[in-house]
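Colleague: Those sequence lines, one after another, are chains F and L.
Residue numbers for the first sequence follow our numbering, so the first one is 1 and each next one is one higher.
Residue numbers for the second sequence follow our numbering, so the first one is 115 and each next one is one higher.
Think of the hints as simulated: they come from the structure by calculation, not from any bench.
A hint or two may mislead.
Think about it this way: if two alpha-carbon atoms lie no more than 25 angstroms apart in a straight line, the pair counts; the simulated DMTMM-like pairs of lysine to aspartate or glutamate are [said to hold, decoys possible]:
hint: 1; chain 1: L; residue 1: 214; chain 2: F; residue 2: 38
hint: 2; chain 1: F; residue 1: 44; chain 2: L; residue 2: 140
hint: 3; chain 1: L; residue 1: 119; chain 2: F; residue 2: 70
hint: 4; chain 1: L; residue 1: 185; chain 2: F; residue 2: 70
hint: 5; chain 1: F; residue 1: 40; chain 2: L; residue 2: 140
hint: 6; chain 1: L; residue 1: 185; chain 2: F; residue 2: 53
hint: 7; chain 1: L; residue 1: 171; chain 2: F; residue 2: 58
hint: 8; chain 1: L; residue 1: 185; chain 2: F; residue 2: 24
hint: 9; chain 1: L; residue 1: 214; chain 2: F; residue 2: 24
hint: 10; chain 1: L; residue 1: 156; chain 2: F; residue 2: 38
hint: 11; chain 1: L; residue 1: 214; chain 2: F; residue 2: 102
hint: 12; chain 1: L; residue 1: 185; chain 2: F; residue 2: 85
hint: 13; chain 1: L; residue 1: 182; chain 2: F; residue 2: 102
hint: 14; chain 1: L; residue 1: 172; chain 2: F; residue 2: 102
hint: 15; chain 1: F; residue 1: 40; chain 2: L; residue 2: 170
hint: 16; chain 1: F; residue 1: 41; chain 2: F; residue 2: 53
hint: 17; chain 1: F; residue 1: 36; chain 2: L; residue 2: 145
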Amino acid sequence: DTAVSQTPKYLVTQMGNDKSIKCEQNLGHDTMYWYKQDSKKFLKIMFSYNNKELIINETVPNRFSPKSPDKAHLNLHINSLELGDSAVYFCASSQGQGASYEQYFGPGTRLTVT
Amino acid sequence: QQQVKQSPQSLIVQKGGISIINCAYENTAFDYFPWYQQFPGKGPALLIAIRPDVSEKKEGRFTISFNKSAKQFSLHIMDSQPGDSATYFCAANPGSNTGKLIFGQGTTLQVKP
Numbered sequence: 001d002t003a004v005s006q007t008p009k010y011l012v013t014q015m016g017n018d019k020s021i022k023c024e025q026n027l028g029h030d031t032m033y034w035y036k037q038d039s040k041k042f043l044k045i046m047f048s049y050n051n052k053e054l055i056i057n058e059t060v061p062n063r064f065s066p067k068s069p070d071k072a073h074l075n076l077h078i079n080s081l082e083l084g085d086s087a088v089y090f091c092a093s094s095q096g097q098g099a100s101y102e103q104y105f106g107p108g109t110r111l112t113v114t
Numbered sequence: 115q116q117q118v119k120q121s122p123q124s125l126i127v128q129k130g131g132i133s134i135i136n137c138a139y140e141n142t143a144f145d146y147f148p149w150y151q152q153f154p155g156k157g158p159a160l161l162i163a164i165r166p167d168v169s170e171k172k173e174g175r176f177t178i179s180f181n182k183s184a185k186q187f188s189l190h191i192m193d194s195q196p197g198d199s200a201t202y203f204c205a206a207n208p209g210s211n212t213g214k215l216i217f218g219q220g221t222t223l224q225v226k227p
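Let's have the full structure, built from the sequences with the hints guiding it.
Modeller: So this is what it looks like as structure tokens:
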């Protein structure tokens, strides 16, 4: 059973398009996150939700909009894609929102903007 | 202030050797320090973590050493194995109750057989 799953695994699209990445966790966790890993492997948090409530909203262009329809799902919608958005996006979840709760990462979605 | 600096960027170790990765931070409000391991094509996975009230934590072959006064912490992998070849990230929580983690730049470890 996959604990944290993301779809799609690969996404290739052109500049200016709008795309979504979906994330689901079956761990019964309350908190979910989106991270961006750039080409140098630098990992940076973008958003987190706890029980569908936005908790962390880092300095991210407002073209990125997370949506949490329920606590098991956290989707990421990106408008007007730019070349610099090319990266691997990871979803993660944890039992609670404190730092000491282990974060379980999904397999990632590799987004390539051409 | 909100950075974690990690070194080296890459590391090659012979099988059976000790791998050492170092991290440093500036903000004394940081209060939780995990290490994550990432294999190619996979998401990061928690390896081991420490709080600043402890100077060392050991789990199997993996040990975190923590120096609060120097604001430095390091990961030691004893008896390194080829299966340990991966990218390792240190991280820190900036003293918030949000689960926010600030990651270091990562270290790519290669263990030669």
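Colleague: If you check each hint against the structure, which ones fail?
Modeller: 3, 4, 6, 7, 8, 12, 15, 16
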